[in-house]
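Q: Letter by letter, the chains look like this.
Protein chains: 2
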Amino acid sequence: MNYPIKRPQPIQKSTSAANRGMDLEQAINDTNQYYIDNDIAYIYKKPIPIQVVKVDYAKRSAAKISEAYYKIPSTTDYNGIYRGRYVDFEAKETRSKTSFPLKNIHKHQVQHLDNVRRHGGISFLIVHFSLLNRSFLLDSGFVTQYYQRSDIGKKSITLAEFIENGHELKEAYVKRLDYLGVLDKYYFAKQ
Amino acid sequence: MNYPIKRPQPIQKSTSAANRGMDLEQAINDTNQYYIDNDIAYIYKKPIPIQVVKVDYAKRSAAKISEAYYKIPSTTDYNGIYRGRYVDFEAKETRSKTSFPLKNIHKHQVQHLDNVRRHGGISFLIVHFSLLNRSFLLDSGFVTQYYQRSDIGKKSITLAEFIENGHELKEAYVKRLDYLGVLDKYYFAKQ
Chain A
1 MNYPIKRPQP IQKSTSAANR GMDLEQAIND TNQYYIDNDI AYIYKKPIPI QVVKVDYAKR
61 SAAKISEAYY KIPSTTDYNG IYRGRYVDFE AKETRSKTSF PLKNIHKHQV QHLDNVRRHG
121 GISFLIVHFS LLNRSFLLDS GFVTQYYQRS DIGKKSITLA EFIENGHELK EAYVKRLDYL
181 GVLDKYYFAK Q
Chain B
1 MNYPIKRPQP IQKSTSAANR GMDLEQAIND TNQYYIDNDI AYIYKKPIPI QVVKVDYAKR
61 SAAKISEAYY KIPSTTDYNG IYRGRYVDFE AKETRSKTSF PLKNIHKHQV QHLDNVRRHG
121 GISFLIVHFS LLNRSFLLDS GFVTQYYQRS DIGKKSITLA EFIENGHELK EAYVKRLDYL
181 GVLDKYYFAK Q
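In order, the protein sequences belong to chains A and B.
First residue of the first sequence? That's 1 in our numbering, and the numbers climb one at a time after it.
First residue of the second sequence? That's 1 in our numbering, and the numbers climb one at a time after it.
Quick caveat, the hints were computed from the structure, so don't treat them as lab data.
Hints may be right or wrong, so weigh each one.
Since the list gives no way to pick out one identical chain from another, each pair is judged satisfied if it fits inside one copy or across any two copies.
[What the hints assert, rightly or not] Below, a list of computed lysine-lysine pairs in the BS3-like style, where the Cα atoms sit at most 27 Å apart:
hint, residue 1, residue 2
1, Lys107, Lys64
2, Lys175, Lys64
3, Lys92, Lys154
4, Lys92, Lys175
5, Lys175, Lys185
6, Lys92, Lys64
The whole structure should be built from the sequences, with the hints applied where relevant.
A: Written out as structure tokens, the structure is:
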């Protein structure tokens with residue numbers, strides 16, 4: 001019998017950025033900058049909240065913060081305005097190939113996204129599956145629903161659920177991760 | 001993103017705030033908290049942008065930032081959602097009794113407020129004249145207009161102009177500085 005021969009796979013050495021996949025935060029920042037530069041939308045990443053404890057004013061040049069600590073963010077990473085609507089979202093990466101673990105998002109962030117939707121804003125979660133190099137936008141309504149389910153056992157949102165209820169974001173060259181295209185199609189079209 | 005957390009130490013505030021007049025930032029934060037607690041609006045102060053240079057992971061408890069510097073903010077201090085609309089503003093205090101000096105606001109902040117208005121959001125400046133204990137909300141349309149005038153000489157917005165084109169905010173006990181009342185009256189009434 002002729003058995004198919006399995007050649008040993010060469011171990012991938014990712015030296016160039018091309019093999020390393022997308023840096024989600026950078027891709028979103030680049031996309032937002034494109035929107036700003038073209039007067040399309042004004043969506044910004046919020047600064048990381050830091051509790052400053054000690055500032056050193058000794059040097060004439062600039063105040064140096066010499067003791068500070070990271071704080072828990074009150075809200076989400078990104079917010080702003082698009083087509084007159086308030087837009088708010090959180091972006092997360094996972095190395096899992098099958099699901100997004102809900103421990104990666106704070107409970108009060110889920111609550112915040114839900115509050116925004118209830119008050120007429122557009123809010124969602126973007127998840128990048130880095131090993132699959134696939135990204136999805138999932139409306140906060142589903143995020144809340146899956147999060148509530150986590151109280152009774154299931155602690156993640158499966159890839160299949162992202163495929164079914166989310167919208168896949170394709171990476172492109174100029175508009176790196178054109179999530180507003182999804183908003184045009186699925187949020188504004190309903191109006 | 002998940003950052004290592006250290007519980008924030010409360011910054012010691014003045015012992016007797018009563019005599020010093022209103023702390024504008026505290027008044028706005030209290031007001032926003034009231035709106036949040038009563039499910040009225042979700043408007044937050046953005047964290048102060050800080051460039052972290054060195055982080056010390058030596059202690060088991062929490063990552064200590066040991067070198068960092070303040071950065072110029074890209075946008076404004078406050079933004080969020082109210083009655084389905086995007087709301088964005090900057091808040092400033094002045095000790096002048098006659099005018100608000102325009103050097104107290106960055107050019108790109110004026111531009112940001114203008115961008116928000118052009119895209120259908122509600123954007124404004126709140127100025128507190130601390131020695132008069134009077135506060136005004138001024139729409140970004142006027143802010144832009146007065147700012148452009150500053151190129152040709154006049155480098156401030158006078159108190160008389162705030163009285164004429166702005167809306168005075170009265171301090172109260174529970175809703176410390178109820179700026180959303182002004183929005184109801186002057187922004188939503190038009191619709």
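Q: For which of the previously enumerated hints does the structure constitute a violation, in increasing order of number?
A: When the structure is compared with the hints, only number 2 turns out to be violated.
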